[in-house]
Amino acid sequence: MSNAKETPIHKLIADIFNILAFTYRQVFIFELLYKALTLFIFIPAISFIFHRLLRLGGYVGATNYELLNFVMSRYGLLCMLILIPAATVLIFLEFSVLVILSYYGQKKQRIGLVPAFLQSVAYLPSLFKYGFVGWAFYLLLVIPLLSSGGGSTLLPTLQIPNFISGELLKTGWGTLLYIGLFAVMTFFNIRWIFLLHVIVIEGTSSFRQAAKKSAAILKKIYIRMFVALLCISLLFAVVVVLILAAVILIYIVLPQETAFAEIAWFVVSKSAIISLYLATLFVTPLYITTLTRIYIAKADPDHAVLQMPDWSAIENRSSQSYGLFHKHKRKLIVLGLIIAFATALVLVPALSDIRPSDQKATVMAHRGYISKGPENTIEAIQGAIDARADYAEIDILETKDGELAVIHDTNLKRLTGHSAEVYDLTMAELRKLEVKQGNFTSQISSLAEVMKAARGKIKLNIEVKTHGKERNLVNTFIKTIRENDFQTHCVVQSLDYEIVQEIKAAEPALQVGFIMFAGVPDIGQIHADFVVMEEYMVNESIVASAKLNNKPIYVWTVNDRDNMERFIGMGVDGIITDYPEDAISVVEELRSGYLVPLLRWLNLLRI
Numbered sequence: 001m002s003n004a005k006e007t008p009i010h011k012l013i014a015d016i017f018n019i020l021a022f023t024y025r026q027v028f029i030f031e032l033l034y035k036a037l038t039l040f041i042f043i044p045a046i047s048f049i050f051h052r053l054l055r056l057g058g059y060v061g062a063t064n065y066e067l068l069n070f071v072m073s074r075y076g077l078l079c080m081l082i083l084i085p086a087a088t089v090l091i092f093l094e095f096s097v098l099v100i101l102s103y104y105g106q107k108k109q110r111i112g113l114v115p116a117f118l119q120s121v122a123y124l125p126s127l128f129k130y131g132f133v134g135w136a137f138y139l140l141l142v143i144p145l146l147s148s149g150g151g152s153t154l155l156p157t158l159q160i161p162n163f164i165s166g167e168l169l170k171t172g173w174g175t176l177l178y179i180g181l182f183a184v185m186t187f188f189n190i191r192w193i194f195l196l197h198v199i200v201i202e203g204t205s206s207f208r209q210a211a212k213k214s215a216a217i218l219k220k221i222y223i224r225m226f227v228a229l230l231c232i233s234l235l236f237a238v239v240v241v242l243i244l245a246a247v248i249l250i251y252i253v254l255p256q257e258t259a260f261a262e263i264a265w266f267v268v269s270k271s272a273i274i275s276l277y278l279a280t281l282f283v284t285p286l287y288i289t290t291l292t293r294i295y296i297a298k299a300d301p302d303h304a305v306l307q308m309p310d311w312s313a314i315e316n317r318s319s320q321s322y323g324l325f326h327k328h329k330r331k332l333i334v335l336g337l338i339i340a341f342a343t344a345l346v347l348v349p350a351l352s353d354i355r356p357s358d359q360k361a362t363v364m365a366h367r368g369y370i371s372k373g374p375e376n377t378i379e380a381i382q383g384a385i386d387a388r389a390d391y392a393e394i395d396i397l398e399t400k401d402g403e404l405a406v407i408h409d410t411n412l413k414r415l416t417g418h419s420a421e422v423y424d425l426t427m428a429e430l431r432k433l434e435v436k437q438g439n440f441t442s443q444i445s446s447l448a449e450v451m452k453a454a455r456g457k458i459k460l461n462i463e464v465k466t467h468g469k470e471r472n473l474v475n476t477f478i479k480t481i482r483e484n485d486f487q488t489h490c491v492v493q494s495l496d497y498e499i500v501q502e503i504k505a506a507e508p509a510l511q512v513g514f515i516m517f518a519g520v521p522d523i524g525q526i527h528a529d530f531v532v533m534e535e536y537m538v539n540e541s542i543v544a545s546a547k548l549n550n551k552p553i554y555v556w557t558v559n560d561r562d563n564m565e566r567f568i569g570m571g572v573d574g575i576i577t578d579y580p581e582d583a584i585s586v587v588e589e590l591r592s593g594y595l596v597p598l599l600r601w602l603n604l605l606r607i
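Note that UniProt numbering numbers the sequence shown so that position 389 is 389, with each residue one more than the last.
There could be a bad hint or two in this list.
[Claimed, not checked] Cut-off 27 Å, straight-line C-alpha distance, at most; resulting in silico cross-link-like pairs (DSSO-like, lysine-lysine): (1) 219 to 107; (2) 436 to 479; (3) 360 to 459.
[As the list claims (entries may be wrong)] Distance ranges between label pairs, derived from CB positions: (4) 205 to 55: 36 to 44 Å; (5) 81 to 185: 20 to 28 Å; (6) 176 to 69: 29 to 37 Å; (7) 485 to 240: 51 to 59 Å; (8) 411 to 66: 22 to 30 Å; (9) 77 to 483: 18 to 26 Å; (10) 227 to 371: 34 to 42 Å.
Rather than coming from a laboratory, the hints here were simulated on the basis of the structure. Every residue, glycine too, gets a C-beta built ideally from N, C-alpha and C.
Kindly produce the complete structure, drawing on both the sequences and the hints.
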């Protein structure tokens with residue numbers, strides 16, 4: 001085998017695709033089976049265990065602070081002791097089987113899925129014996145957090161909630177902390193990139209030793225490896241783009257509102273689903289194959305030799321199975337395509353009925369339009385009005401004298417420079433402070449003042465916040481709403497579920513929503529007029545559940561255009577964003593035609 005340093009990059013990439021071409025049957029079958037098992041068995045089992053322990057702990061739901069309380073309880077600890085090892089094992093088994101298949105594929109040797117799986121299982125005792133915490137950290141946190149397509153089926157990606165990252169990035173120290181955390185995770189992800197290969201191929205049982213060997217190999221070829229991964233990613237992206245371009249072209253040229261168009265669109269949509277779904281089956285294998293090819297070229301040849309146990313009976317059975325497969329190859333391929341088609345239909349129910357919706361997604365300007373004035377100020381509200389947002393989302397806190405101030409932070413240091421608490425100052429004292437954000441300055445206003453500025457120009461989404469020293473928060477809020485006759489000019493939301501219930505009971509005419517920043521929500525059990533979720537929590541299943549329970553669902557805080565398109569493509573009722581002009585532009589573009597169905601496909605295929 002030639003050294004990776006001497007191999008031209010185009011030859012290296014050609015080798016990678018040749019290896020995958022040699023192993024594609026085993027890879028296709030394994031990934032299809034593993035994804036089906038994950039979808040129909042692993043995830044439901046994990047969900048059952050979690051919700052069962054949740055109920056045993058006396059918790060009806062698992063959102064926000066209730067989830068944190070559960071995690072700190074004995075049942076929450078038991079849940080973690082069961083689910084963390086289980087998830088670690090499931091992810092390790094998928095990756096290790098793919099490493100074994102790619103290793104033998106490079107040597108142009110056939111190996112059955114059963115021996116490959118049993119070899120992976122053989123590593124599990126050492127996985128739990130040496131450095132399990134390290135393995136759990138790597139497989140459940142490092143890889144998913146920085147995955148760029150090479151994630152596991154069970155946990156493909158992991159995202160830092162925007163309500164955490166967004167708040168950190170608003171201060172200098174927070175920005176440094178965020179960058180530092182990202183840098184540390186990136187460092188470990190790169191340093192440990194050959195970790196699985198060292199334990200699977202070399203049989204190293206110690207996590208620490210495997211980490212050192214991975215780092216040593218990486219020093220030799222890190223630039224070349226990144227170039228290869230980039231080229232592979234671009235080639236795969238080209239395939240996806242070509243499929244989508246073909247679908248767009250067909251959609252454009254099809255005559256509308258005819259029987260032929262309906263049938264043609266059904267065929268095209270299903271074909272596109274299957275094509276994209278089949279492509280996703282090879283994303284992780286392609287990533288693993290690339291790393292395996294580079295690893296074999298640069299690792300110590302005396303150590304980079306996979307020793308499979310002598311399972312003669314299994315090998316013979318595997319050979320017989322391969323002969324049977326070869327004999328009935330066409331029939332089995334057709335059967336595999338039928339399974340893939342059925343799985344795709346499960347993943348994307350009733351897709352043939354998807355059409356661009358006539359209902360416009362609602363755009364809410366987060367704390368007003370902060371590019372036009374300091375957050376939660378009259379100037380920011382006016383910015384949201386000028387941007388043509390549907391709502392301005394604002395925050396209120398109770399002051400020392402029982403008034404309602406429009407401000408987000410309990411401590412005033414970030415915006416005013418004064419390290420004082422809202423509950424220690426009266427409304428009059430708050431008005432005297434200068435609020436500064438970026439190049440803008442303004443003053444803190446009361447809820448009544450903001451209502452007066454917004455009336456007839458924009459609706460308000462009022463978030464009722466707490467600081468723990470409230471005296472008469474709900475009654476004061478309801479009184480302010482009634483005095484200003486604002487029931488039909490606003491919606492209300494809160495992170496505090498009890499406050500949501502109190503406000504709704506006191507003023508049934510108000511539309512009151514529950515905000516969720518963490519947890520596994522059961523939409524049917526949430527007694528609120530609408531739900532608001534942090535963007536990392538929202539997926540097709542959540543949106544479908546919200547629709548089924550007739551609860552509008554809004555996502556916060558969506559600032560990236562791609563994410564705006566993704567969530568609107570899912571069918572959410574609205575988004576809360578710092579950039580309402582961008583969001584309005586996206587909404588208008590998506591209502592123009594074919595983009596909504598395409599985005600729905602892409603969302604559903606993110607598994």
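- Query: Honestly, which of those hints from before does the structure not fit?
  - Reply: Result: hints 2, 9 break, sorted rising.
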